[in-house]
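So the sequences go chain by chain: A and B.
Under our numbering, the first sequence has 74 at position 74, and the numbering climbs by one with no breaks.
Under our numbering, the second sequence has 155 at position 155, and the numbering climbs by one with no breaks.
It is worth saying that the hints were derived from the structure and are not from the lab.
A few of these clues could be false.
What the hints assert, rightly or not - DSBU-like, lysine-lysine: derived pairs with alpha carbons at most 30 Å apart:
1. 213(A) to 266(B)
2. 199(B) to 166(A)
3. 123(A) to 60(A)
4. 20(A) to 58(A)
5. 213(A) to 126(A)
6. 20(A) to 233(A)
7. 178(B) to 213(A)
8. 311(B) to 60(A)
9. 197(B) to 92(B)
10. 166(A) to 195(A)
11. 197(B) to 58(A)
12. 123(A) to 58(A)
13. 213(A) to 123(A)
14. 80(B) to 213(A)
15. 266(B) to 265(A)
16. 311(B) to 58(A)
17. 156(B) to 213(A)
18. 178(B) to 199(B)
19. 60(A) to 195(A)
20. 123(A) to 110(A)
21. 126(A) to 20(A)
22. 126(A) to 136(A)
23. 311(B) to 178(B)
24. 80(B) to 92(B)
25. 166(A) to 311(B)
26. 126(A) to 58(A)
27. 265(A) to 213(A)
28. 136(A) to 166(A)
29. 266(B) to 92(B)
30. 58(A) to 166(A)
Quick caveat, the model's predicted, so the values are computed rather than measured.
Residues per chain, in single letters:
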Amino acid sequence: MPIYVSVVVPLYNEEESVEKLVSEIESVGTSFDFEYEIILVDDGSSDRTWTIIEQLGKQKPYIKGIKFRGNYGQTAAMVAGFDYASGEIIVTMDGDLQNDPADIPMLLEKLEQGYDIVSGWRKDRKDNFARVFPSKIANYIISLTTNVHLHDYGCSLKAYRAECIKPIKPYSEMHRFFPALASMTGARVTEIPVKHHPRKYGTSKYGFERILKVFIDIFSLNLIIRFSSMPLKGFALCSIPFLLLTTLFTTLSVLSVILGWTAGKAPFFLLLAMLSGIAAFHLITLGVIGELIVGSGDLSHTQLPEITKKTLMLGCDDE
Amino acid sequence: MSERDVKVQYSVLVILEEKMNEKIVGFSDYIDTLYDIFLSRDASFEILIIANGAEGLLRNELHYIEKCRTQLRTFALSKKVPQAICLTLGLKESAGDIIVVCGPYQQLTNESFIGMLDAFTDDVDIITPCRENRRDPRFNQLQSRIFNGLVRFITKSDIHDLSCNVKAFRRYVLEDVKLYGNMYPFLPILAERRGYKTKEIQCANYQAIGRTGFYSLSEYFTRIIDIFTLYFNTRFARKPLRFFSAVGALFILIGVLIICYLCFQKFFMGYGVGNRPELLISVLFMVFGVQAAGVGLLGEIFVFIQGRHIKGYNIERYVSAEYSGPERRKDIGEYEQAKPVNIRMVDKHNTEERRKYEKH
Numbered sequence: 001m002p003i004y005v006s007v008v009v010p011l012y013n014e015e016e017s018v019e020k021l022v023s024e025i026e027s028v029g030t031s032f033d034f035e036y037e038i039i040l041v042d043d044g045s046s047d048r049t050w051t052i053i054e055q056l057g058k059q060k061p062y063i064k065g066i067k068f069r070g071n072y073g074q075t076a077a078m079v080a081g082f083d084y085a086s087g088e089i090i091v092t093m094d095g096d097l098q099n100d101p102a103d104i105p106m107l108l109e110k111l112e113q114g115y116d117i118v119s120g121w122r123k124d125r126k127d128n129f130a131r132v133f134p135s136k137i138a139n140y141i142i143s144l145t146t147n148v149h150l151h152d153y154g155c156s157l158k159a160y161r162a163e164c165i166k167p168i169k170p171y172s173e174m175h176r177f178f179p180a181l182a183s184m185t186g187a188r189v190t191e192i193p194v195k196h197h198p199r200k201y202g203t204s205k206y207g208f209e210r211i212l213k214v215f216i217d218i219f220s221l222n223l224i225i226r227f228s229s230m231p232l233k234g235f236a237l238c239s240i241p242f243l244l245l246t247t248l249f250t251t252l253s254v255l256s257v258i259l260g261w262t263a264g265k266a267p268f269f270l271l272l273a274m275l276s277g278i279a280a281f282h283l284i285t286l287g288v289i290g291e292l293i294v295g296s297g298d299l300s301h302t303q304l305p306e307i308t309k310k311t312l313m314l315g316c317d318d319e
Numbered sequence: 001m002s003e004r005d006v007k008v009q010y011s012v013l014v015i016l017e018e019k020m021n022e023k024i025v026g027f028s029d030y031i032d033t034l035y036d037i038f039l040s041r042d043a044s045f046e047i048l049i050i051a052n053g054a055e056g057l058l059r060n061e062l063h064y065i066e067k068c069r070t071q072l073r074t075f076a077l078s079k080k081v082p083q084a085i086c087l088t089l090g091l092k093e094s095a096g097d098i099i100v101v102c103g104p105y106q107q108l109t110n111e112s113f114i115g116m117l118d119a120f121t122d123d124v125d126i127i128t129p130c131r132e133n134r135r136d137p138r139f140n141q142l143q144s145r146i147f148n149g150l151v152r153f154i155t156k157s158d159i160h161d162l163s164c165n166v167k168a169f170r171r172y173v174l175e176d177v178k179l180y181g182n183m184y185p186f187l188p189i190l191a192e193r194r195g196y197k198t199k200e201i202q203c204a205n206y207q208a209i210g211r212t213g214f215y216s217l218s219e220y221f222t223r224i225i226d227i228f229t230l231y232f233n234t235r236f237a238r239k240p241l242r243f244f245s246a247v248g249a250l251f252i253l254i255g256v257l258i259i260c261y262l263c264f265q266k267f268f269m270g271y272g273v274g275n276r277p278e279l280l281i282s283v284l285f286m287v288f289g290v291q292a293a294g295v296g297l298l299g300e301i302f303v304f305i306q307g308r309h310i311k312g313y314n315i316e317r318y319v320s321a322e323y324s325g326p327e328r329r330k331d332i333g334e335y336e337q338a339k340p341v342n343i344r345m346v347d348k349h350n351t352e353e354r355r356k357y358e359k360h
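Chain A extracted, bound-state conformation (with noise of 0.2 Å):
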């Protein structure tokens, strides 16, 4: 039977939890009347998270081990878990026990409703006010910006439809706004409350420096889930208010020709138009160019999901 579920869950020093969080996995497993996998992901730990992983994945055959050369980050743990599952759904979950795999069934239960994405909501959150705070207005301004609204975007419990997800080829620290990502393509979002237990084991790897990361990544994902399929746009808009400063210096530098003012006004304000002028210019070409480069680029991420499609003409279909 081929696989149906695979379960990526990065791991960075996680020595204490990872046997625990295999056997709460398997627990849930036995539920299920489809065949699933496991991938663990070592994010380069300096402790024995590999050893341990290395004896799970020879005796258990549905688990797969991965291990990094170095530390890359949770984003790229993620992508090589998607390279490697073969599921037709993937489930992300933390590898410090903080996510309850006992949840799993629902989330499944979600995507056969028709969703292709279905996020966790840590609703009742036990990390301290400080913690949650910042991620509270991150989510509120992903959600506003992206127009997908989720209440926790943080959770890393989540599941997805594999086609929904692989072609994104997500970098840098995106793993967090995978649903947003996704959603470019047309996939269908939702979020179901979820389990959370406080950390047991290990420190958070978390710090004041990461929120201002995750702003500047806001920023950035927003540029790029709008203007990624049509830069020129983008640019243009940008240098709408340049145009605009250019038809102000110029009337003002017209006004002054014909009105008399004061000497060396009229070349001053036509120094100014041409500034904007050519800042409205260059940033044009720039949007000229980003078409050239999305034009020739791979634009798999921008298809729509086959399951989608399906879903969408379900009448149909004799199922």
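With the hints as your guide, set chain B onto chain A.
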């Protein structure tokens, strides 16, 4: 045992970097030393001499050296090309598991060289020597220190002597790390960032030949550009918008501040704004800021659309019930067939050949 059954352990690439058209004093002895070192280790090896921009007498000497020896091949490029191309050529033509890159003269003592080969344990992917008691003039050492210090500061790596012309790599490192232009000296750093284990060992300096004192201006310029390229590549290659938006935001902020100041003066102190240079400067700053951010966005779009095949990770091992071992199992030293014996560039300047050709 037939020749093709021998699995080559070491491939030594001797790269003659400077454009030379004369015989190099003691070059033949240097090659002999290399032979002695590897013969004494009882290791299978091959030597490839790559002359980057070789003409005249040097070509003849290389030809002679090749004629007199086995396990040695020479590649004389009549036009000087970037270092990375030489290395890629060497990688393609060689078959060894460990690739030792050497310069045009013996820089390390024999003991150090052997020590370097010994240090190649299983958990090491790259060895870079750090020269002790250097033989080159103080001034050159100072320049080299400054260069290495700058690189260490920028990349936060811990390699002290990038300018040493001897380095040793495992084949898969060179196959994996993309090299272009002048990035070769920084290869250990680039490889380290891909997760390969780099080891620095202390070595004794044997001799120093080459230019002393100041280098040419273009040399310094190239170095500075190289360091900047390295900085950008290692930090922002996959997120250009972060770099450019920081620059852009700074300039826009300066522009806005100046405008605010002008408005304050206009409305509260009654100064005119019309023909003051500050206005021009603030507009200039803002224009520059927007353009920087625009270029960043373009870069980001490029990375997002065109960089999709680049893998953001490097897998060391993979384990499942069917297979357990290194990820790149196919690539590591399974070169069954012997490589073509000799490929040499056609010498366009060889008048005798040309005369023969014209007679036909």
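Each hint, compared with the structure:
1. Taking the CA atoms of residue 213(A) and residue 266(B), the gap is about 38 Å. The hint is violated against a cut of 30 Å.
2. Note on residue 199(B) and residue 166(A): the hinted pairing is violated, with a Cα-Cα distance of about 37 Å set against a maximum of 30 Å.
3. With a C-alpha separation of about 34 Å, the suggested pairing of residue 123(A) with residue 60(A) is violated against the 30 Å cut-off.
4. Taking the CA atoms of residue 20(A) and residue 58(A), the gap is near 17 Å; set against the 30 Å cutoff, the hint holds.
5. Of the pairs offered as hints, the one joining residue 213(A) and residue 126(A) holds, with about 23 Å between alpha carbons and a cut-off of 30 Å not exceeded.
6. Only pairs whose Cα atoms come within 30 Å are accepted, and residue 20(A) paired with residue 233(A) is rejected, the gap being roughly 51 Å.
7. Proximity of residue 178(B) to residue 213(A) is assessed by CA-CA distance (about 28 Å); at most 30 Å being required, the pair is judged to hold.
8. Taken as a hint, the residue 311(B) and residue 60(A) pair is honoured in the structure, with Cα atoms around 28 Å apart against an allowance of 30 Å.
9. The straight-line distance between the Cα atoms of residue 197(B) and residue 92(B) is roughly 23 Å, inside the 30 Å bound, and the hint therefore holds.
10. Restraint check: the Cα-Cα separation between residue 166(A) and residue 195(A) comes to about 27 Å, which is no more than 30 Å; the hinted pair holds.
11. A hinted pair counts as satisfied when its Cα atoms are at most 30 Å apart, and residue 197(B) with residue 58(A) qualifies at roughly 26 Å.
12. Under the criterion of a C-alpha separation no larger than 30 Å, the hint pairing residue 123(A) with residue 58(A) is inconsistent with the structure, at around 37 Å.
13. About 24 Å separates the Cα atoms of residue 213(A) and residue 123(A), which keeps this hinted pair within 30 Å; it holds.
14. Only pairs whose Cα atoms come within 30 Å are accepted, and residue 80(B) paired with residue 213(A) is rejected, the gap being roughly 44 Å.
15. Distance hint between residue 266(B) and residue 265(A) is fulfilled; the C-alpha atoms sit about 17 Å from each other, no more than 30 Å.
16. Taken as a hint, the residue 311(B) and residue 58(A) pair is honoured in the structure, with Cα atoms around 26 Å apart against an allowance of 30 Å.
17. A C-alpha spacing of about 20 Å is found between residue 156(B) and residue 213(A), which places the hinted pair at or below 30 Å, so the restraint holds.
18. For the suggested pair residue 178(B) and residue 199(B), the alpha carbons sit about 20 Å apart, so the restraint of at most 30 Å is met.
19. A hinted pair counts as satisfied when its Cα atoms are at most 30 Å apart, and residue 60(A) with residue 195(A) qualifies at roughly 27 Å.
20. Between residue 123(A) and residue 110(A), the direct Cα distance comes to roughly 17 Å. Compliance with the 30 Å bound is thereby established for this hinted pair.
21. The suggested pairing of residue 126(A) with residue 20(A) holds, with an alpha-carbon distance near 20 Å, which does not exceed 30 Å.
22. With a C-alpha separation of about 14 Å, the suggested pair residue 126(A) and residue 136(A) falls inside the 30 Å cut-off, and the hint holds.
23. A hinted pair counts as satisfied when its Cα atoms are at most 30 Å apart, and residue 311(B) with residue 178(B) qualifies at roughly 12 Å.
24. Only pairs whose Cα atoms come within 30 Å are accepted, and residue 80(B) paired with residue 92(B) is accepted, the gap being roughly 19 Å.
25. At roughly 13 Å between alpha-carbon atoms, residue 166(A) and residue 311(B) fall within 30 Å of each other, so this suggested pair holds.
26. Restraint check: the Cα-Cα separation between residue 126(A) and residue 58(A) comes to about 35 Å, which exceeds 30 Å; the hinted pair is violated.
27. Proposed proximity of residue 265(A) and residue 213(A) is contradicted: the alpha carbons are some 45 Å apart, above 30 Å.
28. Straight-line distance between C-alpha atoms of residue 136(A) and residue 166(A) comes to about 28 Å, which keeps the hinted pair within the 30 Å bound.
29. The suggested pairing of residue 266(B) with residue 92(B) is violated, with an alpha-carbon distance near 70 Å, which exceeds 30 Å.
30. Restraint check for residue 58(A) and residue 166(A): satisfied, since their Cα atoms lie roughly 27 Å apart, inside the 30 Å limit.
Figure legend: structure checked against the earlier numbered hints; hints not met, in rising order: 1, 2, 3, 6, 12, 14, 26, 27 and 29.
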